[in-house]
Amino acid sequence: MRIPVIGAPNATRTKSMRILASVSIAHCQALPCLPTPGIPCGHGSVHLDSPSNFPNGFFRPLEDALADVRTTNYLVAASATVIIFDHIITIEQEVALIWRRPWNITSLLYIWNRYYALISLVIYSSYIFRIMDSNKACLRSVTFQGLSGTVLVATVDTILAFRVWILYEKSRKLLWFLIALISAEFIAMTTLTVMIVSPISSFLHLGPLLVGCWPAISASPLFLYYSSPTMITSFIMFVMTLYRCL
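In our numbering, the protein residues as written are -6 to 239.
Derived from the structure by calculation, the hints contain no laboratory data.
For glycine and all other residues, C-beta sits at the position ideal for the given N, C-alpha and C.
Keep in mind that a hint or two might mislead.
[To be verified] Ranges between beta-carbon positions, derived for each pair:
#, residue 1, residue 2, range
1, 164, 126, 50 to 58 Å
2, 89, 112, 39 to 47 Å
3, 124, 234, 44 to 52 Å
4, 161, 221, 24 to 32 Å
Just need the whole structure built from these sequences, with the hints factored in.
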């Protein structure tokens, strides 16, 4: 069943109503972020045949969401630009200091961190800058985003742990402690990622106005704790570095 829409007081609302006109009642049930007081969702036909039938602020959540999406996409594009620019201006030093020298654990970590971030960003960008009309594809995108971010954070913290280990004259006991610390961080962040992504089953599909993959449910409260493991790990290594350098 479709939502018939006739008339609009301004251009913004007209565009919004045209989009909502293509959204079924079933989709409406999956959009708790779009409150419609006085217009029950999923209870028969919703007759929006006059602008006066729209509650005050009906389209504000949609407009805010679209603004947030555009801001996110701009930030991703800016990040990709900075990373690619950095690769271009430092490629000569990279060849001289990494590729033309014997390989060791440091150079491997450098290459992994440098190119994994670039490849992950390119893959992620391929999802958020195009129209996605499949929930399965969007679920893969969100899962990849969470897990790739976890791997990247663990990689950066591994490099920091390696530096701390060297500061403490490569203590064997400290090495095992740092391995356990990074492993616990990775396991905790991976577990949180799975718990956050698992409840997501449907995404918003609004055509060219909303590209990429955006869950149709509110973010899990666990998302607030996603960065806690890395904050704890970074703080521990910061204190250890400060103690050694003072």
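Here is what the structure says about each hint:
1. One distance hint, 50 to 58 Å for the beta-carbon pair residue 164 and residue 126, holds here, with the actual separation near 55 Å.
2. The given range of 39 to 47 Å is broken by residue 89 and residue 112, whose C-beta atoms sit roughly 23 Å from each other.
3. The beta-carbon spacing between residue 124 and residue 234, approximately 47 Å, falls within the hinted interval of 44 to 52 Å.
4. For the pair residue 161 and residue 221, the supplied restraint of 24 to 32 Å holds, since their beta-carbon distance comes to about 25 Å.
In summary, the one numbered hint that this structure violates is 2.
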